[in-house]
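Colleague: Residues per chain are reported as follows:
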Amino acid sequence: MTWLRLDRKVVAVDLVRAAVSLIPTAVTAGVLGLEPRDAWPALVVAVIGVARAVADLIRWATTRYRITDERVEVRGGLFVRGERWIARDRIRSVSSDARLAHRLFGLRVVTVGAGLTGVAGSTAALRIDAVSVRTARQLHAMLDGTGASGPTAEPAATGQVLARFQPSWVFYNVLSVWAIFAGAGLLWGGYWLGKLFGYDAFDHARRLADSVAPLWIVLVAALGFTIVGSAGLAVGFVSAHWNFRLTRTAGNLRTTQGLLRTHTVDREEHRVRGIQIREPQVWRWLGVAETTLITTGVSLWSATGGATILPRGPVSVARATAAEILGRDVMSRPLRPAPRAALRRRLVKGTTQAVVATVAWLLLDARFGGPLTTADTAWLFPALLAVATAGAVLAYRSLGHAVHDGYLVVRAGPLTHATAALQLPAVIGWRVRQSFFQRRLGLATVTASTAAGQGSYTAHDIAATDVPNLVLAEGGGELGDPLLDRGRVEGGVAEDQAGRPGREAVAADAVDGDAPGQAGGDHRLLGESRREPGDQVQAGRHTGGPEPG
Amino acid sequence: MGDLGLHPPHNRVASRAVRWWTLRAVIGAAIPIGAGLVAYAVAESWRPWLGPLLGAATVLAVAHAAVVPTWRYRVHRWEATEDAVYALSGWLVREWRVAPLSRVQTVDATRGPLQRLLGLATVTVTTASASGQVQLVALDDAEATEVAARLTATVAATRGDAT
Numbered sequence: 001m002t003w004l005r006l007d008r009k010v011v012a013v014d015l016v017r018a019a020v021s022l023i024p025t026a027v028t029a030g031v032l033g034l035e036p037r038d039a040w041p042a043l044v045v046a047v048i049g050v051a052r053a054v055a056d057l058i059r060w061a062t063t064r065y066r067i068t069d070e071r072v073e074v075r076g077g078l079f080v081r082g083e084r085w086i087a088r089d090r091i092r093s094v095s096s097d098a099r100l101a102h103r104l105f106g107l108r109v110v111t112v113g114a115g116l117t118g119v120a121g122s123t124a125a126l127r128i129d130a131v132s133v134r135t136a137r138q139l140h141a142m143l144d145g146t147g148a149s150g151p152t153a154e155p156a157a158t159g160q161v162l163a164r165f166q167p168s169w170v171f172y173n174v175l176s177v178w179a180i181f182a183g184a185g186l187l188w189g190g191y192w193l194g195k196l197f198g199y200d201a202f203d204h205a206r207r208l209a210d211s212v213a214p215l216w217i218v219l220v221a222a223l224g225f226t227i228v229g230s231a232g233l234a235v236g237f238v239s240a241h242w243n244f245r246l247t248r249t250a251g252n253l254r255t256t257q258g259l260l261r262t263h264t265v266d267r268e269e270h271r272v273r274g275i276q277i278r279e280p281q282v283w284r285w286l287g288v289a290e291t292t293l294i295t296t297g298v299s300l301w302s303a304t305g306g307a308t309i310l311p312r313g314p315v316s317v318a319r320a321t322a323a324e325i326l327g328r329d330v331m332s333r334p335l336r337p338a339p340r341a342a343l344r345r346r347l348v349k350g351t352t353q354a355v356v357a358t359v360a361w362l363l364l365d366a367r368f369g370g371p372l373t374t375a376d377t378a379w380l381f382p383a384l385l386a387v388a389t390a391g392a393v394l395a396y397r398s399l400g401h402a403v404h405d406g407y408l409v410v411r412a413g414p415l416t417h418a419t420a421a422l423q424l425p426a427v428i429g430w431r432v433r434q435s436f437f438q439r440r441l442g443l444a445t446v447t448a449s450t451a452a453g454q455g456s457y458t459a460h461d462i463a464a465t466d467v468p469n470l471v472l473a474e475g476g477g478e479l480g481d482p483l484l485d486r487g488r489v490e491g492g493v494a495e496d497q498a499g500r501p502g503r504e505a506v507a508a509d510a511v512d513g514d515a516p517g518q519a520g521g522d523h524r525l526l527g528e529s530r531r532e533p534g535d536q537v538q539a540g541r542h543t544g545g546p547e548p549g
Numbered sequence: 001m002g003d004l005g006l007h008p009p010h011n012r013v014a015s016r017a018v019r020w021w022t023l024r025a026v027i028g029a030a031i032p033i034g035a036g037l038v039a040y041a042v043a044e045s046w047r048p049w050l051g052p053l054l055g056a057a058t059v060l061a062v063a064h065a066a067v068v069p070t071w072r073y074r075v076h077r078w079e080a081t082e083d084a085v086y087a088l089s090g091w092l093v094r095e096w097r098v099a100p101l102s103r104v105q106t107v108d109a110t111r112g113p114l115q116r117l118l119g120l121a122t123v124t125v126t127t128a129s130a131s132g133q134v135q136l137v138a139l140d141d142a143e144a145t146e147v148a149a150r151l152t153a154t155v156a157a158t159r160g161d162a163t
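Line by line, the protein sequences are chains R and W.
Under the working numbering, think of the first position of the first sequence as 1, with each following residue one higher.
Under the working numbering, think of the first position of the second sequence as 1, with each following residue one higher.
Isolated chain W, as found in the complex (with noise of 0.2 angstroms):
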């Protein structure tokens, strides 16, 4: 029913992305988790209704790192063609995001301390908009540094500015 007819784009992400969003899942849950537990061992005036909140959270926790980074890694796909860059993201909300090559502002690699550990890169693509950003979120090392390099040259030829 919901079917938007719109094709998905052409490249997965590195399957190594599973890893990386589950290390990030991890760590994100592991610091508050442990504050509450820091918490828990301190005040014992709190532990009532700490002790059932750590739980349940644990609980989130674990289940949002075993399920969320796979059905990520499925429903993300990129796309760079000589005209535009083309990315399906998300799991439960889907987002699709274009921009055309021509309207492109810069091209940045980036990659976070996590993501080097893996080989990991993500490119983003900025247009002259605020909202008009594209991201392609855990390619290959080698292949972002391609995608990036050839988006680049291809932008550089493009005249006009773009807006």
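Chain R with its partners taken away, still in its complex shape (with noise of 0.2 angstroms):
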């Protein structure tokens, strides 16, 4: 193959840049009159934008690519020349975005992923910005290796659709403590862009409020601001998520979404190794989650795309969807909570906390003089305790582990309950943890470690008779034989009373897992008959939600 040039119209992009960039001059000169010493923000924009009109005019000229049979190839530069090249069987995640600038042309910026999770910065292994949306085309169809070469290669624009967007979902991501501080930022720049026009809103607003007290001025402000920034969120949630779709395209999971930027990723559906559900603390009763992909590959922090395949919205859509992606409903299924120990522990540990922090801040207090007086310290420690005290319980509540038709599910986490369905095949090694007093309260601490997702979780304070049944409920392998090595154990402990269970839940779950295809309502029915024996299912402990399907 020859190297190609970017596309001809990045020339065109550059130009709107640049003369977009030159509007605010253009207004507070010509418009507003204003001289150039007043108007010197505008100024500065109006410089950097054509500066960086011009370093990318450079960069179009002097960038080059191609796509081989083997790799994908970008190379440019104009006083350091550089080249990268991926193999193409290394390609994890194909992405196209857009600027509104972008896509008046029809241009798309494709970013390959390589998947190097573990390395900073390098997720993106190469960027083409930008091409055509039909070479876009091309190029995301490499990832299921139907090949880039021939103008044949036009994906089948619709799969099958796993999500959609919904007007309701705006509601849950404008519920957000981040919300006040979005509008302080928001009205934050609205000065400046107030001032860059010659008009100081600050003072305007000093001078509204001159007689009213600070208090009022607090409440107001933090109103004012939570209703701006609730706004300013929920716009910003609409031009993102916009005609958000996730379909299953050719082997991929395909992500498309965006107003006037659009962003489309493509994420090979093999590699999926689970899914993870986070439901955040304070809004569970309104049933908000957030859900991601345990995947090998894909980078787990890019905020659009990447391993995010539902933007916030309602759990019960969140689990459907997974049920869909995983092709079993694990996510819906009751957990076994953890044993009365683990609260023990929590309490115990809280009270402790309370104590240490009491003390210190006491000892503090007195050595230095702090702003506490005789009175106040009397509350110090009861309003530590019923913080600790709170968070013991919640944190105790939110635990929880089982497996499932060949998925490991736990469950933890005291401010977001975050659930994790994991594939026990793709499970990699296995960590039992036992502190001094775990030891003496019967539980521990077992650790899945994996190569995908987050790299290992974690079922915490589980019985210490349960640790058998998970490390040998192996979808696959004998991993956790070697822990369990019957020959050899010191008095038989294993043998009897735990192995078997064991065993038999994974002959049962092997059968189970041979068929993925199975509708959800068959899954339920499946799920109610298969418990494994000593599975204690408190109905009030399920997470609720409506059952999806």
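You may find that some hints are simply not true.
Sample of chain R residues at the chain W side, in silico, Cβ under 8 angstroms [claimed, not checked]: (1) Ile86; (2) Arg164; (3) Trp188; (4) Gly429; (5) Gln434; (6) Phe436; (7) Ala444; (8) Ser449; (9) Thr450; (10) Ala451; (11) Gly455; (12) Pro468.
These are calculated hints, taken from the structure and not from any lab test.
The beta carbon of each residue, even a glycine, is placed where N, CA and C say it ideally should be.
With the hints as a guide, bring the two chains together.
Modeller: Below, the structure written as structure tokens:
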């Protein structure tokens, strides 16, 4: 293949950008008639805008890319020549992005990800900025190996739609403690925009608030910030997620979204190892949930695309989508709650922390003379204890673990209820930890290592007797076996009490796991009849939310 | 009550490990306590609180160096079979770690200066997971070399990208 240039229309985009950056100067000078001395912010904007457009033109002129059967290569640079290539079978994700200017000219910025999740900033292996929509489609087609060489590479625009934008989602994304900060930020931006045109909003507000009590000013300001911030978040969410669709296309999970700036990400479905659903504790009564894929080769931290496959939305949708992707509904089935001893451990820990914090505070106060009066100190310990106890109870209530259909499902987190379902065959190591107190209380913490997602998923404080069940419930290999080598067990504890039920459960799971395409209804029936011996299911502890399907 | 029903790995670490852990504990404690003594000699105004602090630290350090190494030696165990590496470590907090050889990425044998002095080595087995590392601490030098070679050979024979 020959080396190709970036699309010619990039020049047009740069010219438009340069022109747009001149607008503030034109307005301040031409319409408002300000002297250059007062309009310096607009001039700065203009200079930066034009300089960036010129730099981008140079980049366009020097960059070449080519796609061969084995690799994708990009090279360019005026003074420092750079060259980068990626083997095509190492491509893990392809995303294309278009700002408004790009869309007007039918251009897409294509980013090829190689899944170097461990290396900082290198998840985007290659960036081709920009090519035509048609070329972008061909580049997307590289991921599923159908080839980017031929003009016939037109991937099906539609696939199986797994989730679609709902207007009600806006509500879920406005609910955020960050709204007040977003509002403050927006108003601050507005203030500077006003300054740009010579209007001092702060001065205006101060004159208005001259005779009002400070308390009211704070309250009104907080309310104002929240309203403005919520509106800002709503606009931001709609503009980023408008027309959001999650589709399954030719072995890829594709998300498409965006109002003015569009963003499409393709990720290989066969690398999906599980799903994590996070529910912020504060909004759990409303059923707010965030959904991420547990997958190898896709960045966990990228805000758009990457592992995030659903925006914040109702937990029922999150669970239904997870069931669709995983082929079985493991996220809405009940988990085994942690034993009461786990609550005791957390309460003791919380109380100890409260005592230590109180003593430390009082000592520092006595030494350096803090702001506390004697009456205040009487409240210090009860207040700290209340917070610690509430934290302990919340943390305890979120704990849970289970093995469902060959998936390890664990849930934890005092502030954010994070439920992760991880394929057992993707587990590449176990870690069992038991502290002195855990040993006394009959508890243990089991961590499953994996190459995907955050690298490890932990079942905190499960009953010690459950450990063999968990590490033996391996959906394929004999990973847990060395831990329970029955030939050498001293005292034979593992053999009779714990080992057997685990093995049987695995057998049942294996049978079930062979039929991934079953409908959701069947799974519920199977789930009811296939509970493991000794599994206490408490309906009240089930995280609730309507059943999907 | 807290019995996990997990079988302990087969091999103990080298008995010289006790000496290694003791040396490390002594050196690790000697540096901050030494710095504290210097401060005690120099800054007169600190003495009222630094004195008791140093005394307490010394008592703790001596107790730590006297008890923990032996305790560790009783807990620490390891095993490398044809399928997996398996290690138990810790003293107050016990930790069992297992990694299947089919998922191992690298095998390293490292020897620090103190370990070289005592003829010890540590074998580190890493997997594709950031948290999946298994360390066989303080093995006999010759044994560590043999284990590392055996593990490397097994890993090399395994197909796939181990994720």
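Colleague: It remains to establish, for every hint, whether it holds in the given structure.
Modeller: Right, here's what the structure says about each hint:
1. Ile86: violated, 16 angstroms
2. Arg164: violated, 32 angstroms
3. Trp188: Result: violated, 39 angstroms to nearest chain W Cβ.
4. Gly429: Where the cut-off is 8 angstroms and the nearest Cβ of chain W is about 4 angstroms from R/Gly429, the hint holds.
5. Gln434: holds, 5 angstroms
6. Phe436: holds, 5 angstroms
7. Ala444: Nearest chain W Cβ about 6 angstroms off; hint holds.
8. Ser449: For R/Ser449, the interface hint holds, since the closest Cβ of chain W sits about 3 angstroms away, which is under 8 angstroms.
9. Thr450: holds, 5 angstroms
10. Ala451: holds, 4 angstroms
11. Gly455: holds, 4 angstroms
12. Pro468: holds, 5 angstroms
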